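Those protein sequence lines, which keep their order, are chains A and B. Each residue of the first sequence is one higher than the one before, counting from 17 in the numbering used here. Each residue of the second sequence is one higher than the one before, counting from 2 in the numbering used here.
Rather than coming from a laboratory, the hints here were simulated on the basis of the structure. Errors might be hidden in some of the hints.
What the hints assert, rightly or not - Heads up, simulated SDA-like pairs for lysine to any residue below, C-alpha to C-alpha not over 20 Å straight-line:
id, chain 1, residue 1, chain 2, residue 2
1, B, Lys147, B, Trp191
2, A, Lys66, B, Pro98
3, A, Lys69, B, Lys87
4, B, Lys43, B, Asp112
5, B, Lys72, A, Thr55
6, B, Lys11, A, His29
7, B, Lys11, B, Glu356
8, B, Lys87, A, Ser83
9, A, Lys66, B, Gln82
10, A, Lys66, B, Pro80
Unchecked claim - Not the full set, but computed from the structure, chain B residues with beta-carbon under 7 Å of chain A:
id, residue
11, His56
12, Gly58
13, Ser78
14, Tyr79
Quick caveat, the model's predicted, so the values are computed rather than measured. C-beta: ideal position from N, C-alpha, C; glycine also.
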Amino acid sequence: MVRISFTPNLLRHVQTPADAVEGDSIGAALEAYFQLNPTARSYVLDDQGKVRKHIAIFLNRDMIPASQALATAVRAQDELYVAQALSGG
Amino acid sequence: MTRFLVGTRKGLFRVEKQSHGQWAIVESWFLGEPVPMVLAQKQGEDILACLDLGHFGNKMRRTRDGGATWKEETVPSYPEQPEGQKEIDPVRGLEVPWSVKLLWSLAASPDGTLWCGTIPGGLFRSEDDGATWSLVESLWHDERRKKWSGGGYDFAGIHSILIHPENPQQITVGVSVGGVWQSQDGGASWEVIGEGLRAEYMPPEMAHDLEAQDPHVIVSCAAAPEQLWMQHHNGIFRSHDWGRTWTEFHDVKPAVFGFAVAVHPKDPDTAWFVPAVKDEQRIPAEARPVVTRTQDGGKSFSILSQGLPEPPAYDLVFRHALDINGDGSILAFGSTTGSLWISEDQGESWQVVSEHLPPIYCVRADQ
Numbered sequence: 017m018v019r020i021s022f023t024p025n026l027l028r029h030v031q032t033p034a035d036a037v038e039g040d041s042i043g044a045a046l047e048a049y050f051q052l053n054p055t056a057r058s059y060v061l062d063d064q065g066k067v068r069k070h071i072a073i074f075l076n077r078d079m080i081p082a083s084q085a086l087a088t089a090v091r092a093q094d095e096l097y098v099a100q101a102l103s104g105g
Numbered sequence: 002m003t004r005f006l007v008g009t010r011k012g013l014f015r016v017e018k019q020s021h022g023q024w025a026i027v028e029s030w031f032l033g034e035p036v037p038m039v040l041a042q043k044q045g046e047d048i049l050a051c052l053d054l055g056h057f058g059n060k061m062r063r064t065r066d067g068g069a070t071w072k073e074e075t076v077p078s079y080p081e082q083p084e085g086q087k088e089i090d091p092v093r094g095l096e097v098p099w100s101v102k103l104l105w106s107l108a109a110s111p112d113g114t115l116w117c118g119t120i121p122g123g124l125f126r127s128e129d130d131g132a133t134w135s136l137v138e139s140l141w142h143d144e145r146r147k148k149w150s151g152g153g154y155d156f157a158g159i160h161s162i163l164i165h166p167e168n169p170q171q172i173t174v175g176v177s178v179g180g181v182w183q184s185q186d187g188g189a190s191w192e193v194i195g196e197g198l199r200a201e202y203m204p205p206e207m208a209h210d211l212e213a214q215d216p217h218v219i220v221s222c223a224a225a226p227e228q229l230w231m232q233h234h235n236g237i238f239r240s241h242d243w244g245r246t247w248t249e250f251h252d253v254k255p256a257v258f259g260f261a262v263a264v265h266p267k268d269p270d271t272a273w274f275v276p277a278v279k280d281e282q283r284i285p286a287e288a289r290p291v292v293t294r295t296q297d298g299g300k301s302f303s304i305l306s307q308g309l310p311e312p313p314a315y316d317l318v319f320r321h322a323l324d325i326n327g328d329g330s331i332l333a334f335g336s337t338t339g340s341l342w343i344s345e346d347q348g349e350s351w352q353v354v355s356e357h358l359p360p361i362y363c364v365r366a367d368q
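So here's chain B without its partners, still in its complex pose (with noise of 0.2 Å):
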């Protein structure tokens, strides 16, 4: 049985479907905290929860029996800056700060390593299942790393981490104004990738420089993993050979822009997207709610509305607040005005949870 968790501005949500077939709200924690991702293992016992305190700073709670019991883990820490190394953000001329201001992906390897992403844009990993976390220090040492500018936070951060299934050693990452990074070592080196990228805010001659790029947010085929989709700033893309080359699609009503997509585990060629007007105009074309999905590897796409709201409505989906189950029969995703939709058809038609939300963050189906 399929189960999502739901982030809120407010607060960690369960969402389970009811045996009349109404989806419904059945569990909450963490009431009026921040809780920016979650990572749910073993079938959701096992939840590793993030939460963004505000004042007391960003931590971890994990469970290991579905909820009923949480516990403080242990958090990503930036090791001390040595003095003098002060390093000034190349848009907003601030101090990049060694510390973390947000906890904003986590990915968990086949080998048991947990991965997290933090705004500023550190990468950590833990190697005892949460128990202690290090900061990959190649890539934060990385001196290309320094023209990593971020977008709407103050600081660049890494939103996607894709582990390959069968490889470990390879960790692609996606960063927020700073590109598509990759290892084949585990973490040891990185290169930039993503020729086929362009960046359509930066001046002409520069749109294709790779640390340039800011992908939305990267997804992967669970089946083919090779598979990639991008929602990136200013555009939908696709790679066939793990984020070295990307096709973009232009015709793709009602917008290319957007926050969030999703690909069938189990065929490359679907994938879903949740659009809005575009980077100055971040609401839903003519204030009508859609998702976009492709069938056929991004050839055509289709606007899907049943059970969407009519307009007048101003629904904002954030890059995290879609997502699909294993067996890719169930779509959820949530908005920045608290609405949760389900969709058991493909995206065909969308069942409402709840619009009285606070502010979704991420979407998650248990794994």
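For reference, chain A alone in the conformation it holds in the complex (with noise of 0.2 Å):
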């Protein structure tokens, strides 16, 4: 299982506990925490399935450039930590 937990800054818009799901990509592991979760998705993703702009992904404490954070594989134990990109003013 992949650990996964959400910045708390999205706290203010939509629920979003932390929780292990199955996977072998950062892509999977996301898609099976949105079925339990289909609100949370819109706020990870965009309307063509990519991580949004102003989103960081950490693997382990790595960010995962976002144009390959998808396709990037995880493994039983690993943790991913979906943040807020510090942007805007």
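Dock chain to chain to rebuild the complex, using the hints, since each chain is given by itself in its own frame.
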């Protein structure tokens, strides 16, 4: 199981409790999470299913570039953290 | 009782008249979040609010109890982009995303259909009161749409949606540097219209190209809906025939440039504008915010400033930030510097509601 947790900044908008899901890639793990919590999907992914421009995904404390994140392989016990990238003013 | 909703860069506010005659902010929602557009129905009990959450995308929230409770609604979403179908913006050379960048306009048909215009220029429709949305594919896939280039934003967008009140099959949309588009068959097919519009920013021989026109906003008179007014990028225009042909008004002081227009719901000859100097200088002329008004169909325009600030004041008014209530008795407008004014005498005088709101994106009277 891969453990997924989210920035607490999301809690103002949508409940995103941490969870453990199956999946062999970040994309598959997120998809498993969104099956359980469909409302959270559009906060992380855009219309085309890509990681939103201002979302950062960390795999075991390494930030994975958004363009590569979904295809990046994960293993059991890995930890994903979905963060709000610093931007704007 | 008329109330106004004010969507700003940092939240949504409701404004009401108090017993002593002063208008005031009485409620606020979504503080800290940009609210580019709202649609208020059922005397403001039913509000659909668009939020631009930045990091987390565009969202919709709905209340049916006047704002006591809000529920997340489904957001218009583009279909999956076919492999290899890449579209490049004609001006900036950027790839046009099949993804909502901004929920920019909302409208309700008399038959209950909801419409939403977005940046990039997708038009969405909901037949189930917002539970689901579908892209109007006939317009999105129209080859002529690829000429849309957009203005202040990176991509073209649909900012005005006008539905024929007796024939919901007729839909007219205004596009930021994309012109005026009309469907007579409920959105199955589209015609680009706008004879008489003029684009000063184009090479002279292309000034009348229909797809090159930049309506900033288009409004329709409720009592005579075929009568339209447009604040265009380089002028003020009027149509008597649902946008097929337009007349330009050149001699309008202090300027013909601006973003917003409101038309009286009972009198198509009366309309209000909030001018700025010009395209390259988007501030009020002589740093004095004023409203211009015609009451004779554009033959003459008055400059109205009673109650508006003395110079120097640099308030600019965005395209959706001026509105008039349903019986035509109350006007309201708000500025990029967070000032909000209301007039109960056809614009002759203005009462300031606040000068300290966040930048104002939209002002909408309860409907």
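Now for the hints, and whether the structure bears them out:
The straight-line distance between the Cα atoms of Lys147/B and Trp191/B is roughly 14 Å, inside the 20 Å bound, and the hint therefore holds. For the hint linking Lys66/A to Pro98/B, the alpha-carbon distance of about 11 Å falls within 20 Å, and the restraint holds. Between Lys69/A and Lys87/B the alpha-carbon distance is near 19 Å, which keeps this suggested pair within the 20 Å criterion. A hinted pair counts as satisfied when its Cα atoms are at most 20 Å apart, and Lys43/B with Asp112/B qualifies at roughly 14 Å.
A threshold of 20 Å between alpha carbons decides the hint, and for Lys72/B with Thr55/A the separation of about 12 Å falls inside it, so the pair holds. For the hint pairing Lys11/B with His29/A, the CA-to-CA distance comes to about 15 Å; that is within 20 Å, so the pair holds. Taking the CA atoms of Lys11/B and Glu356/B, the gap is near 14 Å; set against the 20 Å cutoff, the hint holds. Between Lys87/B and Ser83/A, the direct Cα distance comes to roughly 17 Å. Compliance with the 20 Å bound is thereby established for this hinted pair.
Between Lys66/A and Gln82/B the CA atoms are separated by roughly 12 Å; this keeps the pair inside 20 Å, and the hint holds. Between Lys66/A and Pro80/B, the direct Cα distance comes to roughly 13 Å. Compliance with the 20 Å bound is thereby established for this hinted pair. At a threshold of 7 Å, the smallest CB-CB gap from His56/B to chain A is about 4 Å, leaving the interface hint in force. With a cut of 7 Å, the hint placing Gly58/B at the interface with chain A holds, because the nearest CB-to-CB distance is about 6 Å.
Among the interface hints, the one on Ser78/B holds; its C-beta lies about 5 Å from the nearest C-beta in chain A, closer than the 7 Å criterion. Given hint, Tyr79/B at the interface with chain A, holds; its Cβ is 4 Å from that chain's nearest Cβ, closer than 7 Å.
The structure shown violates none of the earlier numbered hints.
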